[in-house]
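Protein chains: 2
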Amino acid sequence: MQQLQTPLCHYLGIDVPVIAAPVSASPVFVAAVSNAGGLGVLQATWMTAAELRQSINAIRQRTERPFGVNFVLALTAEQKHATLDIALEEGVGIISTFWADPAPVIDRIHDAGAISCHTVGSSAEAKRVVDLGVDVIVAQGFEAGGHVWGEVGTLALTPAVVDAVPGAHVVSAGGIADGRGLAAALALGAGGVWVGTRFLLAEECNIHPEYRDRIIAARETDAMMSEAFDGGWPDAKHRSLVNETLERWIAAGRPASGQRPNEGEVIAFDDSGGPIPRYDLQEPLENMTGNVAAMVLYAGQGVGLTNARLPVAAIIDNMVAEASEIFVRMSAS
Amino acid sequence: MQQLQTPLCHYLGIDVPVIAAPVSASPVFVAAVSNAGGLGVLQATWMTAAELRQSINAIRQRTERPFGVNFVLALTAEQKHATLDIALEEGVGIISTFWADPAPVIDRIHDAGAISCHTVGSSAEAKRVVDLGVDVIVAQGFEAGGHVWGEVGTLALTPAVVDAVPGAHVVSAGGIADGRGLAAALALGAGGVWVGTRFLLAEECNIHPEYRDRIIAARETDAMMSEAFDGGWPDAKHRSLVNETLERWIAAGRPASGQRPNEGEVIAFDDSGGPIPRYDLQEPLENMTGNVAAMVLYAGQGVGLTNARLPVAAIIDNMVAEASEIFVRMSAS
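Listed in order, the protein sequences are those of chains A and B. Under this note's numbering, think of the first position of the first sequence as 1, with each following residue one higher. Under this note's numbering, think of the first position of the second sequence as 334, with each following residue one higher.
No lab work stands behind these hints: they were computed from the structure. Certain hints may be false.
As the list claims (entries may be wrong) - Cβ-Cβ distance ranges computed for the label pairs, FRET-style: (1) B:568 - A:203: 45 to 53 Å; (2) A:107 - B:500: 28 to 36 Å; (3) A:7 - B:595: 31 to 39 Å; (4) B:583 - A:265: 30 to 38 Å; (5) B:604 - A:107: 53 to 61 Å; (6) B:413 - A:166: 52 to 60 Å; (7) B:550 - A:237: 24 to 32 Å; (8) A:256 - B:590: 19 to 27 Å; (9) B:585 - A:227: 18 to 26 Å; (10) B:410 - A:310: 43 to 51 Å.
On a predicted model such as this, the values are computed, not experimentally measured, just so you know. Ideal placement from N, C-alpha and C gives every residue a C-beta, glycine not left out.
Using the sequences and the hints given, assemble the complete structure.
Take a look at the structure:
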């Protein structure tokens with residue numbers, strides 16, 4: 001099998017140019033991605049310092065390969081990015097940031113010897129943060145699931161960003177779910193891809209079975225952009241599957257926060273029995289109970305291509321093999 | 334130079350898998366695209382029967398190669414698609430349709446021996462129209478300029494459509510402006526690309542120099558989706574550059590039709606002195622006068638990659654050469 005090695009692979013110390021978006025706070029999932037030759041990224045934004053240290057330790061027990069840790073800067077700013085300092089103290093080599101200006105954290109990432117990776121939605125923003133010192137740019141297209149920063153589609157955004165930051169590492173994100181998307185992103189000039197929705201169906205990913213079933217059944221048109229699930233992260237656009245909560249909100253004329261149908265209602269419970277209100281930002285995990293299908297079901301437009309539950313390693317191997325085969329076939333056409 | 338021949342090329346009788354979106358009603362432009370080995374498509378929606386016959390004749394004087402004629406079905410339905418019948422009478426071999434159900438016209442296109450090509454925005458719609466008999470599906474992504482039918486980005490839409498209509502010809506549209514976009518679309522499974530914005534800078538394209546200058550200066554984030562320019566085609570989303578008219582409309586809180594700033598004001602004149610009101614759907618052509626920069630400046634998100642004025646043939650040759658080079662390089666990686 002071909003490896004599709006790109007300069008990004010060498011830079012990050014990985015075998016194949018596939019990064020798993022931080023769709024999970026599960027060390028098992030993150031380690032599985034890195035063990036399969038890609039880059040696993042831990043979602044650490046909602047962790048305490050102790051939880052983060054424990055999670056990093058749990059990843060290291062399962063892999064010796066590189067992994068990253070992600071922070072939503074807008075949500076860690078109040079704590080002055082204290083957990084980011086924990087990740088650096090623990091020697092994490094790749095720090096991924098999102099949703100706010102990375103200027104306040106770039107120097108401390110570099111001072112700790114780590115690589116800085118930031119997600120942007122435009123070529124102007126890419127140029128600005130590379131000038132500030134960011135090492136790896138994730139160009140996130142409009143197709144992406146979860147929180148979406150920009151409004152430009154991946155196919156138009158990727159080459160515009162590549163042209164804006166010559167010499168920088170660019171990763172393409174949004175709508176990429178199989179080897180065709182990987183090949184397309186590399187053709188557009190990216191050094192790798194950032195994949196979220198596809199990995200929700202990884203066997204190692206701990207989402208709730210009902211969420212998984214909705215992902216399997218959904219088409220590319222079922223992942224809708226809204227600001228509806230704003231509990232914990234207000235005024236932030238995100239893409240999620242149309243479910244009971246979105247249907248009611250749409251039927252009510254898409255009212256603003258505070259005036260939405262059944263606002264404040266507890267609809268589910270986490271594994272320690274904690275209540276989860278409607279419009280919260282938490283997606284359903286496997287040990288949650290209640291009306292989990294009414295919780296936010298993050299998904300990108302690649303959901304139309306996301307149908308089979310497989311081990312992480314098989315998802316990555318299939319993606320790389322398919323992309324390699326496309327390049328060989330097309331170079332002969 | 335490699336030719337990147339695909340089954341779509343053989344089916345349409347063209348040399349390279351590049352179709353120029355119907356950005357122009359100029360026979361010179363359409364013939365130039367076909368003479369360069371791609372497929373030129375004439376925009377015929379706003380023509381009388383006599384104008385259409387004359388235009389088809391003018392194309393045939395300049396090329397013996399295949400070309401297409403495009404109709405916005407929603408706008409020709411009142412005349413019971415009479416000009417479509419004219420195109421068929423004249424022996425046009427490829428009829429492209431958009432914006433409404435193609436069911437009423439597929440049989441007459443086929444009865445005349447022509448190929449039916451229809452633009453869709455989702456995999457479900459692709460399946461439906463292929464079942465009705467459409468031969469070539471144009472999968473139009475959210476990045477596209479001009480009128481945009483769906484909400485799914487090109488990178489996620491193209492493979493979803495390809496999977497939905499196995500065996501049908503699929504063309505990828507939206508955000509494709511260079512060889513990187515062409516290579517990406519082919520990697521996604523398309524048999525060819527449908528390119529609009531890039532061809533606005535063709536030397537043979539007769540847009541106004543001020544419109545051309547705006548295209549050259551614009552970034553990928555400057556092409557905005559709205560329903561603002563609805564004169565002649567109401568309630569139809571379209572993507573165009575942010576200009577004076579859109580800025581005023583945004584500043585006024587994006588009011589509905591009838592309540593917009595300076596509505597009804599004549600801002601420019603066509604080549605016979607006819608008035609063009611603000612919010613009209615007509616883009617500025619080279620022989621128009623007045624405040625043409627306040628007219629609608631259609632552009633897709635590929636506008637960030639669209640910077641150089643070149644002959645049609647050079648645009649197409651560069652695109653194909655760049656895509657070929659990408660496949661050869663990537664197959665060796």
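- prompt: Which hints, by number, does the structure contradict?
  reply: 2 and 3
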